[in-house]
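*Asks:* Now for the letters of each chain:
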Amino acid sequence: MFNFGVFTEWFDQLLESVMPGWAATVIECVIIGVLLLAVYSVLALFYIFYERKLCAWFQCRLGPMRVGPWGVLQSFADMFKILIKELIRLENIDRFLFALAPYLVIVASMLSFAVLPWGNGLQIIDFNIGVFFMIAASSIGVLGILLAGWSSNNKYTLIGAMRSGAQMISYELSVGLSIMTMVVLAGTMSITGLVEAQQDGWFIFKGHIPAIIAFIIYLIAATGETNRGPFDLPEAEHELTAGYHTEYSGIHFGFFYLAEYLNLFIVSGIASLMFLGGWMPFHVPGWEGFNAVMDYIPSVVWFLGKAFFVSFIIIWFKWSFPRVRIDQLLALEWKYLMPIGLFNLVLMTLVVVYGLHF
Amino acid sequence: MELSVFGIQSTTLMVVAVITGLGLVAAALVIAGLISPRSFSPQKGVAYECGVETRGESMMQFKVGYYLFAILFLMFDVETVFLFPWAAICRSLGPNGLISVGVFLCVLILGLAYAWRKGALQWK
Numbered sequence: 580m581f582n583f584g585v586f587t588e589w590f591d592q593l594l595e596s597v598m599p600g601w602a603a604t605v606i607e608c609v610i611i612g613v614l615l616l617a618v619y620s621v622l623a624l625f626y627i628f629y630e631r632k633l634c635a636w637f638q639c640r641l642g643p644m645r646v647g648p649w650g651v652l653q654s655f656a657d658m659f660k661i662l663i664k665e666l667i668r669l670e671n672i673d674r675f676l677f678a679l680a681p682y683l684v685i686v687a688s689m690l691s692f693a694v695l696p697w698g699n700g701l702q703i704i705d706f707n708i709g710v711f712f713m714i715a716a717s718s719i720g721v722l723g724i725l726l727a728g729w730s731s732n733n734k735y736t737l738i739g740a741m742r743s744g745a746q747m748i749s750y751e752l753s754v755g756l757s758i759m760t761m762v763v764l765a766g767t768m769s770i771t772g773l774v775e776a777q778q779d780g781w782f783i784f785k786g787h788i789p790a791i792i793a794f795i796i797y798l799i800a801a802t803g804e805t806n807r808g809p810f811d812l813p814e815a816e817h818e819l820t821a822g823y824h825t826e827y828s829g830i831h832f833g834f835f836y837l838a839e840y841l842n843l844f845i846v847s848g849i850a851s852l853m854f855l856g857g858w859m860p861f862h863v864p865g866w867e868g869f870n871a872v873m874d875y876i877p878s879v880v881w882f883l884g885k886a887f888f889v890s891f892i893i894i895w896f897k898w899s900f901p902r903v904r905i906d907q908l909l910a911l912e913w914k915y916l917m918p919i920g921l922f923n924l925v926l927m928t929l930v931v932v933y934g935l936h937f
Numbered sequence: 003m004e005l006s007v008f009g010i011q012s013t014t015l016m017v018v019a020v021i022t023g024l025g026l027v028a029a030a031l032v033i034a035g036l037i038s039p040r041s042f043s044p045q046k047g048v049a050y051e052c053g054v055e056t057r058g059e060s061m062m063q064f065k066v067g068y069y070l071f072a073i074l075f076l077m078f079d080v081e082t083v084f085l086f087p088w089a090a091i092c093r094s095l096g097p098n099g100l101i102s103v104g105v106f107l108c109v110l111i112l113g114l115a116y117a118w119r120k121g122a123l124q125w126k
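If you read the sequences in order, they're chains A and B.
Its first residue numbered 580, the first sequence is counted upward by one per residue in my numbering.
Its first residue numbered 3, the second sequence is counted upward by one per residue in my numbering.
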């Protein structure tokens, strides 16, 4: 597979040959920041379009069709529209916390976004405890949501934030447990290490039964953690107007919207990284010709393809199932997913310790 | 130290990502502040509760059920912190590591079972 690290190394040497080391580092940091910003916004806009088209097709509609061919420019138009909307000044809010909340939500999703490996050598943050860092970073987001609901001084936002908080922290446990199950199989917490361990077979094939159970638990829990339907109680529009972001207007609301779609991409990216091999191509042992053809597909295409596929499933959930009640939601997590996840962890450990995996 | 893209330390890049996030929000707010219209009326400034006037305080004490789940979450989240390092090396620990962590997990599962029996998981 083509290693993008060759390109970045060449660029690094080019910069260092014309300027001192510290200046090269500063320029590289700026380039990384700009790239991160561009990819983050474009991906969020693409996801808004993706979901709108998919939900239209699930309901036998066409979806956005007017702006650009097949409506592909619709989310750009929406972004521009949301920028020119008025930012309403509210009277009885806690101004500092109200302004702080979008920063927390965006920074949390930006941090976990930067950890994802996009391709061979295309990864920004690469700690040796990468998985742990990712879980820690993504759980900052719930603080932003709680602050947004509390500081708005509105009963609907408070209820929305409380529901969201209870739901996100509960489902985070199952996400953590199913990720831990895969860490047991991989034997490393570094994200590069995780992907490289899947060179001779994706974890969902390598770990067979416990890996498949973990994958199903992860899909359900990730849907819950990103506050998406059928678990979208925090923004149940007919009972809570819009949930925790009712009082936010214009681009202020746009940040929550952006982060929500980015979180959908992040959980799909983590699923493809943990279970479906990250940017590793699909190989069948023994089929040399087939494997060689698969190697020609760039690693970025593999990663994005898998992530979009998992997102497709999560969006499919949303448009197929009715919304659950809060007691059903918490019972599903604490009485089913959580105990199953714990036993699955023990099962996976048995499989690994006695070498029963492929 | 862990080096990443361009041979920069991952810690530095983490700071870059945080600054990018803060910059995104700040820049978008500045742009919106420059090009969006602005007007004020007393009606606009009040809380939006579907046209009904707000009664009483909204920043109030809230249903205890949510906090109960928060406490349970704390217990299992700390467990996650303990289990992750074990998970990374469990292959080399072998059966002995399995037994010791099994005892730890048993205590946790007993805790969950106790909370379940006590009715803490029942939404009231």
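Worth flagging that the hints you see were computed from the coordinates, not collected in a lab.
Everything numeric in this text was worked out from a predicted model, so none of it was measured.
Be a bit skeptical, because a hint or two may be false.
To be verified - The list that follows gives simulated cross-link-like pairs (lysine-lysine, DSS-like), each with its CA atoms no further than 25 Å apart: (1) A:K914 x A:K632; (2) A:K660 x B:K46; (3) B:K126 x B:K46; (4) A:K914 x B:K46; (5) B:K126 x B:K65; (6) B:K120 x A:K632; (7) B:K65 x A:K914; (8) A:K897 x A:K914; (9) A:K632 x A:K660; (10) B:K65 x A:K664; (11) A:K734 x B:K46; (12) A:K734 x B:K120; (13) B:K120 x A:K914.
*Asks:* Determine for every hint whether it applies to the structure shown.
*Replies:* These are the hints, each one checked on the structure:
no.	hint	result
1	A:K914 x A:K632	35 Å, violated
2	A:K660 x B:K46	20 Å, holds
3	B:K126 x B:K46	36 Å, violated
4	A:K914 x B:K46	45 Å, violated
5	B:K126 x B:K65	10 Å, holds
6	B:K120 x A:K632	47 Å, violated
7	B:K65 x A:K914	21 Å, holds
8	A:K897 x A:K914	22 Å, holds
9	A:K632 x A:K660	20 Å, holds
10	B:K65 x A:K664	35 Å, violated
11	A:K734 x B:K46	17 Å, holds
12	A:K734 x B:K120	31 Å, violated
13	B:K120 x A:K914	13 Å, holds
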